[in-house]
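Heads up: the sequence shown runs through residues 673 to 772, numbered per the working numbering.
It is worth saying that the hints were derived from the structure and are not from the lab. Just to be clear, a hint being listed does not mean it is correct.
To be verified - Straight-line alpha carbon distances no greater than 25 Å define the calculated DSS-like cross-link-like pairs of lysine-lysine that follow:
id, residue 1, residue 2
1, K751, K762
2, K751, K741
3, K762, K772
4, K757, K741
5, K772, K757
6, K761, K751
7, K734, K751
8, K772, K761
In this text the structure is predicted, and so the values were computed from the model without any measurement.
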Amino acid sequence: YEPCGLAQIIAMRYGCVPIARATGGLVDTIRNYSDADVLSTGFLFSGNSPVEFASTIDAAIKLFADPQKWQKIQQNGMKEDFSWKVSAKKYSDLYFSIIK
673 YEPCGLAQII
683 AMRYGCVPIA
693 RATGGLVDTI
703 RNYSDADVLS
713 TGFLFSGNSP
723 VEFASTIDAA
733 IKLFADPQKW
743 QKIQQNGMKE
753 DFSWKVSAKK
763 YSDLYFSIIK
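Produce the entire structure from the sequences given, and follow the hints as far as they go.
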């Protein structure tokens, strides 16, 4: 079982900032927050302990107190494009790079 689904993608479209365990497709769709990463879209934690989960929630709450940074993460998520248009372009580029 590989968790991904649409919940985090739909959430980001509407400005919700996801918090998720770094596994499966969640890692492919959420860019973990970092001050150095101006394209961050949410928060990921890698372990499976309640302490790690709580720590990640605490980090999100602290960042929420900074409206400028929080709104940047929201905007990043709302700009994400997971459509087939983007995926098809990547597949096409890969295909043509292989046959050259």
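Each hint tested on the structure:
1. K751 x K762: The given pair, whose Cα atoms are some 18 Å apart, holds under the 25 Å limit.
2. K751 x K741: The given pair, whose Cα atoms are some 15 Å apart, holds under the 25 Å limit.
3. K762 x K772: holds, 16 Å
4. K757 x K741: Cα-Cα ~29 Å, so violated.
5. K772 x K757: holds, 23 Å
6. K761 x K751: Holds, because 18 Å separates the two Cα atoms, which is no more than 25 Å.
7. K734 x K751: Measuring from Cα to Cα gives roughly 23 Å; hence the hint holds.
8. K772 x K761: Measuring from Cα to Cα gives roughly 17 Å; hence the hint holds.
Violated hint: 4 only; the structure is consistent with all others.
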